[in-house]
Amino acid sequence: MSNKIIYPQGIEKALQQIHEILEEAQLDFFTNNNLLSQRTLALLILQKDRDIWHNVQVNLPNYNEIEQIIFETQQNLGKPITEAIALTRQKIAIDLENQVLQESQFDQVGIGEKIHHLMVNPLTGFPLLLLILYYGVYQFVGNFGGGTLVDLIEGFFETRINPVVNEAVKVIFPWQILQDLFANDYGIITLGIRYATAIILPIVATYFLVFSIMEDTGYLPRLSLMLDRLFNLIGLSGRAVIPIVLGFGCDTMATVVTRTLETKRERIIATFLLALAIPCAAQWGVILGLLAQKPYALLFWAIIVSCIFLITGFLTSRLLPGKSANFYMEIPPLRLPKLKNIITKTYVRMQWYFWEIIPLFIYASILIWLGRLTGLFDLIIRWLEPVSLSLGLPREVAPVFLYGFFRRDYGAAGLFDIQKNIGLTGNQLVICAIILTLFLPCVAQFQVMLKEQGWKNTLAMVSFIFPFAFVVGFCVFHGLQITGINL
Amino acid sequence: MECHKCSRNSCHSKTQKNWFTSLFNFQSKSQSYTEVFSEIALVGMPNVGKSVLFNALTGIYATVSNYPGTTVEVARGKTQIGEHSFGVIDTPGMYSLLPITEEEKVARDLLMRKSVSLAIHVVEAKNLGRMLPLTFQLLEAGLPLILAINMMDEASRLKIKIDPLSLEEKLNIPVVKMSATQGIGIDQLKRRIVNYVK
Numbered sequence: 001m002s003n004k005i006i007y008p009q010g011i012e013k014a015l016q017q018i019h020e021i022l023e024e025a026q027l028d029f030f031t032n033n034n035l036l037s038q039r040t041l042a043l044l045i046l047q048k049d050r051d052i053w054h055n056v057q058v059n060l061p062n063y064n065e066i067e068q069i070i071f072e073t074q075q076n077l078g079k080p081i082t083e084a085i086a087l088t089r090q091k092i093a094i095d096l097e098n099q100v101l102q103e104s105q106f107d108q109v110g111i112g113e114k115i116h117h118l119m120v121n122p123l124t125g126f127p128l129l130l131l132i133l134y135y136g137v138y139q140f141v142g143n144f145g146g147g148t149l150v151d152l153i154e155g156f157f158e159t160r161i162n163p164v165v166n167e168a169v170k171v172i173f174p175w176q177i178l179q180d181l182f183a184n185d186y187g188i189i190t191l192g193i194r195y196a197t198a199i200i201l202p203i204v205a206t207y208f209l210v211f212s213i214m215e216d217t218g219y220l221p222r223l224s225l226m227l228d229r230l231f232n233l234i235g236l237s238g239r240a241v242i243p244i245v246l247g248f249g250c251d252t253m254a255t256v257v258t259r260t261l262e263t264k265r266e267r268i269i270a271t272f273l274l275a276l277a278i279p280c281a282a283q284w285g286v287i288l289g290l291l292a293q294k295p296y297a298l299l300f301w302a303i304i305v306s307c308i309f310l311i312t313g314f315l316t317s318r319l320l321p322g323k324s325a326n327f328y329m330e331i332p333p334l335r336l337p338k339l340k341n342i343i344t345k346t347y348v349r350m351q352w353y354f355w356e357i358i359p360l361f362i363y364a365s366i367l368i369w370l371g372r373l374t375g376l377f378d379l380i381i382r383w384l385e386p387v388s389l390s391l392g393l394p395r396e397v398a399p400v401f402l403y404g405f406f407r408r409d410y411g412a413a414g415l416f417d418i419q420k421n422i423g424l425t426g427n428q429l430v431i432c433a434i435i436l437t438l439f440l441p442c443v444a445q446f447q448v449m450l451k452e453q454g455w456k457n458t459l460a461m462v463s464f465i466f467p468f469a470f471v472v473g474f475c476v477f478h479g480l481q482i483t484g485i486n487l
Numbered sequence: 488m489e490c491h492k493c494s495r496n497s498c499h500s501k502t503q504k505n506w507f508t509s510l511f512n513f514q515s516k517s518q519s520y521t522e523v524f525s526e527i528a529l530v531g532m533p534n535v536g537k538s539v540l541f542n543a544l545t546g547i548y549a550t551v552s553n554y555p556g557t558t559v560e561v562a563r564g565k566t567q568i569g570e571h572s573f574g575v576i577d578t579p580g581m582y583s584l585l586p587i588t589e590e591e592k593v594a595r596d597l598l599m600r601k602s603v604s605l606a607i608h609v610v611e612a613k614n615l616g617r618m619l620p621l622t623f624q625l626l627e628a629g630l631p632l633i634l635a636i637n638m639m640d641e642a643s644r645l646k647i648k649i650d651p652l653s654l655e656e657k658l659n660i661p662v663v664k665m666s667a668t669q670g671i672g673i674d675q676l677k678r679r680i681v682n683y684v685k
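Read top to bottom, the protein sequences are chains A and B.
For the first sequence, the working numbering begins at 1 and goes up steadily by one.
For the second sequence, the working numbering begins at 488 and goes up steadily by one.
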């Protein structure tokens, strides 16, 4: 490389000294494991890179010599070493850019710029958000996906597939027990596969479509920017908006994305909030589908869940020690999304989602079948019945909570089924929807939480979330009863 | 440079050990030379189009969004350029070699420990100045490097012009202008990759 970057004198001197110490020590770690040049290594050590510094401490007996060098350099510079290094690089970069880049001086305010301000300014941004939620999510996902499409496919299942399957199974297996495994009320095909294809699939597909458009246009980062101040209130930096907003697509994926957060504290808060109060695509969809006919109930649900989000976020950020990190986020330009990209993305996500839930729904059907066979299922339902009765819910809802343990969307789909068959009042629907939202979404998220946070934190979160969901449901029921509100 | 060679060899033996993938690599034995120089890493800041380029090179779909932080884990694929085949690695976005967050660490560790024979630094045309510091760091680290200036279409809409030849001269590495979503510049990039590795 011909153009080596020359840092300020003090730093160059320190680099040379560190280099000499490393050279002398001939550490295996640095000669074998590293593809990075000696200069880069010295620079990273000088900036006390967490990993590399740890290795220095472990492998180099005289590491305090280096520590001394770093300390002295720091003293002489009068500003953080990392900053001095970054400034040097930036200056050279800007010089270089000026040499090779021609920019037209006339910076006209384009239409993109105008839309950007509309999206970011809370005064216009919030109404815009409401519009998007109303037309994109409520009308398209809730009414079209969760209403029209579900009715179409469900109807097809009920009239064409289920009777055929029931008959066929009756012919193949002469025993009632085996018939029930595949067909009838709780069978793999008639319940598991029907839930997955007829209820979840159309809703998730329409939701992913809307979500992909929001992603590809660049609306999501602007939404994050607008929500930044709100997030600061609950002790999260604007950066935490990224995983939280992604959580509306899939909480499991979003929990992995919490890696983009700087501090451990923020990761814990974000993971917890994702598990508790952010409904994922499947939940959104089914809840919207359930409540679409009752707009007030939907509004009530939204208010309760957002209050819980804000309050628990605020409290956890107060309870957890440490201070919040700085906000730093890239705002990509607004782009007109390409139809092909959006369709591919929606398709890939749908496919991934579908193949993930199909086996789970089948296992759930088998477990329920086993549970019914051994009488365990009825026993648990009998325990849960008082719970549902105390929440003002009909007996039939008890199994839904049991499904909810397997997967939140499975439970939600069950609720959908009950609503169609026996009908629930607005109040009852709201209570179910709230409990299902607060519950942990699925086994996959639980696994990811274990992986990212360790069993201690995960267990603490889960043991709070489970009872909390029911307590909130209980409070809402009594609150509604006392005030005499009928949604 | 000694160090590079040695870890390349160690990686090579690793790929040989994997019996399952070797079942499908009928060609690899006859082309052991290209096998050795085979891994290309796509690096750069978040949301510059690394995943789009990954899709274009490998034909494998990695989720792409207009949203920083979409890639959290490393994706791997293969690309065939003429008679050479290369492994391609899509990395999470990083701002510098000094990682602050977990995802940046994933990308840095990959550059440190895996035998990457070529890094392609993907940058956004209109934010060149902000992204060049990472180029400097990659050069400092001694990684073989190609600079891919992406999103030229957006830059030209903003009437920004970039002179790749003088940039090439100043940095002393190949510089390619492209627009990955439109498929522009991909072929040129491929040619540069082959030339570089030869």
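Take these hints with a grain of salt, some might be off.
Claimed, not checked - Taking lysine-lysine pairs in the BS3-like style, the calculated list, with each CA pair at most 30 angstroms apart, reads:
{"#": "1", "chain 1": "A", "residue 1": "Lys91", "chain 2": "B", "residue 2": "Lys646"}
{"#": "2", "chain 1": "A", "residue 1": "Lys114", "chain 2": "A", "residue 2": "Lys340"}
{"#": "3", "chain 1": "B", "residue 1": "Lys657", "chain 2": "A", "residue 2": "Lys338"}
{"#": "4", "chain 1": "B", "residue 1": "Lys565", "chain 2": "A", "residue 2": "Lys91"}
{"#": "5", "chain 1": "B", "residue 1": "Lys677", "chain 2": "A", "residue 2": "Lys4"}
{"#": "6", "chain 1": "A", "residue 1": "Lys114", "chain 2": "A", "residue 2": "Lys294"}
{"#": "7", "chain 1": "B", "residue 1": "Lys646", "chain 2": "A", "residue 2": "Lys48"}
{"#": "8", "chain 1": "A", "residue 1": "Lys13", "chain 2": "B", "residue 2": "Lys565"}
{"#": "9", "chain 1": "B", "residue 1": "Lys677", "chain 2": "A", "residue 2": "Lys340"}
{"#": "10", "chain 1": "A", "residue 1": "Lys451", "chain 2": "B", "residue 2": "Lys646"}
{"#": "11", "chain 1": "A", "residue 1": "Lys4", "chain 2": "B", "residue 2": "Lys565"}
{"#": "12", "chain 1": "A", "residue 1": "Lys451", "chain 2": "B", "residue 2": "Lys565"}
{"#": "13", "chain 1": "A", "residue 1": "Lys338", "chain 2": "A", "residue 2": "Lys114"}
{"#": "14", "chain 1": "B", "residue 1": "Lys677", "chain 2": "A", "residue 2": "Lys48"}
{"#": "15", "chain 1": "B", "residue 1": "Lys677", "chain 2": "A", "residue 2": "Lys13"}
{"#": "16", "chain 1": "B", "residue 1": "Lys646", "chain 2": "A", "residue 2": "Lys79"}
{"#": "17", "chain 1": "B", "residue 1": "Lys565", "chain 2": "B", "residue 2": "Lys677"}
{"#": "18", "chain 1": "A", "residue 1": "Lys264", "chain 2": "A", "residue 2": "Lys114"}
{"#": "19", "chain 1": "B", "residue 1": "Lys657", "chain 2": "B", "residue 2": "Lys677"}
{"#": "20", "chain 1": "A", "residue 1": "Lys338", "chain 2": "B", "residue 2": "Lys646"}
{"#": "21", "chain 1": "A", "residue 1": "Lys264", "chain 2": "B", "residue 2": "Lys592"}
{"#": "22", "chain 1": "B", "residue 1": "Lys677", "chain 2": "B", "residue 2": "Lys592"}
{"#": "23", "chain 1": "A", "residue 1": "Lys294", "chain 2": "A", "residue 2": "Lys79"}
{"#": "24", "chain 1": "A", "residue 1": "Lys340", "chain 2": "B", "residue 2": "Lys657"}
{"#": "25", "chain 1": "B", "residue 1": "Lys646", "chain 2": "A", "residue 2": "Lys294"}
{"#": "26", "chain 1": "A", "residue 1": "Lys451", "chain 2": "B", "residue 2": "Lys648"}
{"#": "27", "chain 1": "B", "residue 1": "Lys565", "chain 2": "A", "residue 2": "Lys338"}
{"#": "28", "chain 1": "A", "residue 1": "Lys340", "chain 2": "B", "residue 2": "Lys648"}
Note that these hints are calculated values from the structure, not bench results.
In this text the structure is predicted, and so the values were computed from the model without any measurement.
Original post:
Going back to the hint list, which numbers does this structure go against?
Top reply: When the structure is compared with the hints, numbers 3, 4, 6, 7, 8, 10, 11, 14, 15, 16, 18, 23, 24, 25 and 26 turn out to be violated.
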